[in-house]
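Start from the sequences and build out the full structure, keeping to the hints where you can.
Take the sequence shown: its position 27, counted from the start at 1, is 26 in numbering that gives the first Met the number 0, and no numbers get skipped.
No wet-lab data here; the hints were simulated from the structure. Backbone N, C-alpha and C fix where the C-beta goes; we use that ideal spot for every residue, glycine too. Be aware that one or more of the hints could be misleading.
Mimicking DSS-like on lysine-lysine, the simulated pairs with C-alpha atoms at most 30 Å apart in a straight line are [stated by the list, open to error]:
| # | residue 1 | residue 2 |
| --- | --- | --- |
| 1 | Lys-128 | Lys-30 |
| 2 | Lys-97 | Lys-74 |
| 3 | Lys-74 | Lys-136 |
| 4 | Lys-136 | Lys-30 |
| 5 | Lys-136 | Lys-97 |
| 6 | Lys-80 | Lys-128 |
| 7 | Lys-97 | Lys-30 |
| 8 | Lys-80 | Lys-136 |
For each label pair, taking beta carbons as the anchor points, the in silico distance ranges come out as [unchecked claim]:
| # | residue 1 | residue 2 | range |
| --- | --- | --- | --- |
| 9 | Thr-131 | Ala-236 | 41 to 49 Å |
| 10 | Lys-74 | Arg-195 | 49 to 57 Å |
| 11 | Glu-54 | Pro-99 | 25 to 33 Å |
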Amino acid sequence: MQEIESLSDLADLAVNFDVAPALFRENIRRKSHLESMDWLIYDFDDGTSSRRIHEILTGENYRGWRLNHLVAGSKNHMRDKGDGRGAVERFHIFLPLKTPITEPDFYSFLWSEFARLFLTGLTPDPACKDVTRYFVKHSVVLFVEGEGIDLPLEMFRRLHEIRQNAAKQPVARPQRRVPLEFHETSGGGSAIDRFRRTYAFRLLENEMSSDGQRYGTSATIVGVMVNCGMTVDEGVALFDQSAVYGDSFNRESVGRMFRQFRSRQRADCS
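Below, the structure is given as structure tokens:
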């Protein structure tokens with residue numbers, strides 16, 4: 000076991016030795032024996048530009064975070080592997096974590112969510128979700144960034160908790176044969192107050208700021224908003240506060256969803 004104090008230390012090790020970044024009990028490299036993982040690691044083997052990755056990680060991401068990272072070319076970097084891609088870039092990314100991870104399932108979740116939020120449209124090798132992966136000696140150091148921040152995990156911990164809770168809760172659906180006015184005048188505060196107490200409000204706050212499943216998630220959120228008795232204007236105002244709009248997901252699509260759910264609800268109540 001070799002202690003690493005800086006990214007430069009890791010860079011030296013990566014080009015001289017095979018690297019197994021995680022620490023395991025009894026040196027048994029199994030998920031059940033994981034003690035600590037201090038790095039988030041991605042493998043690109045499809046010709047993705049390492050410079051583009053470096054630009055994203057140094058600030059061109061939706062959070063504007065300048066993240067510490069090492070990008071190191073794998074043994075087949077710029078070599079023709081005979082896979083039809085030719086001599087293309089093949090490399091690994093190592094991002095130091097602000098706090099270590101001890102749960103292999105959370106590591107896999109973090110791997111997927113970081114890729115979804117920060118590496119949108121890119122295709123890292125999903126085999127790196129496995130915390131037991133090790134990496135053969137690298138051929139070259141491409142980029143080292145040590146003037147930024149180590150990746151904080153608080154946001155991802157919250158997302159993980161929300162996902163787990165959401166999976167346990169059924170999506171609220173309009174009641175049949177109940178007048179629409181019931182939802183708009185029933186007790187428990189205003190329609191917005193009722194919505195703020197639902198899991199859909201947490202989805203709105205945490206999952207509507209990036210590409211990916213925004214459209215489908217927004218439909219779930221709008222369904223709960225309608226069931227809580229919110230108006231179109233109220234719903235759009237909350238989306239304006241928390242969501243990042245795109246080409247297929249915008250204020251107009253939110254309003255359209257509201258009208259569709261309202262129409263369906265009236266039909267169910269008739």
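Legend entry - Pair hint outcome, Lys-80 versus Lys-128 [Cα-Cα no greater than 30 Å]: Status holds; Cα separation ~23 Å.
Legend entry - Given pair status - Lys-74, Lys-97, alpha carbons within 30 Å: 28 Å, holds
Inset, instruction - Compare the distance between the alpha carbons of Lys-97 and Lys-30 with 30 Å, and conclude whether the hinted pair is satisfied. - result: Holds - the C-alpha atoms of Lys-30 and Lys-97 are around 21 Å apart, at most 30 Å.
Legend entry - 30 Å Cα cutoff - pair Lys-136, Lys-97: 25 Å, holds
Inset, instruction - Could you grab the alpha-carbon distance between Lys-128 and Lys-30 and see if it respects the 30 Å cut-off? - result: 11 Å, holds
Inset, instruction - Starting from the hint 41 to 49 Å, judge whether the C-beta atoms of Thr-131 and Ala-236 obey it. - result: 47 Å, holds
Legend entry - Pairwise hint evaluation, Lys-30 against Lys-136, where the allowed Cα distance is 30 Å at most: 23 Å, holds
Legend entry - Verdict for Lys-74, Arg-195 (Cβ pair) under range 49 to 57 Å: Holds, since Lys-74 and Arg-195 (Cβ atoms, about 53 Å apart) stay within the stated range.
Legend entry - Holds or violated: Lys-74 to Lys-136, with C-alpha atoms at most 30 Å apart: 7 Å, holds
Inset, instruction - Quickly compare the C-alpha distance for Lys-80 and Lys-136 to 30 Å and report which way the hint goes. - result: 17 Å, holds
Inset, instruction - May I ask you to test the hint 25 to 33 Å on the CB atoms belonging to Glu-54 and Pro-99? - result: Distance hint for Glu-54, Pro-99 holds at roughly 27 Å.
Against the hints set out earlier in the document, no violation occurs for any number.
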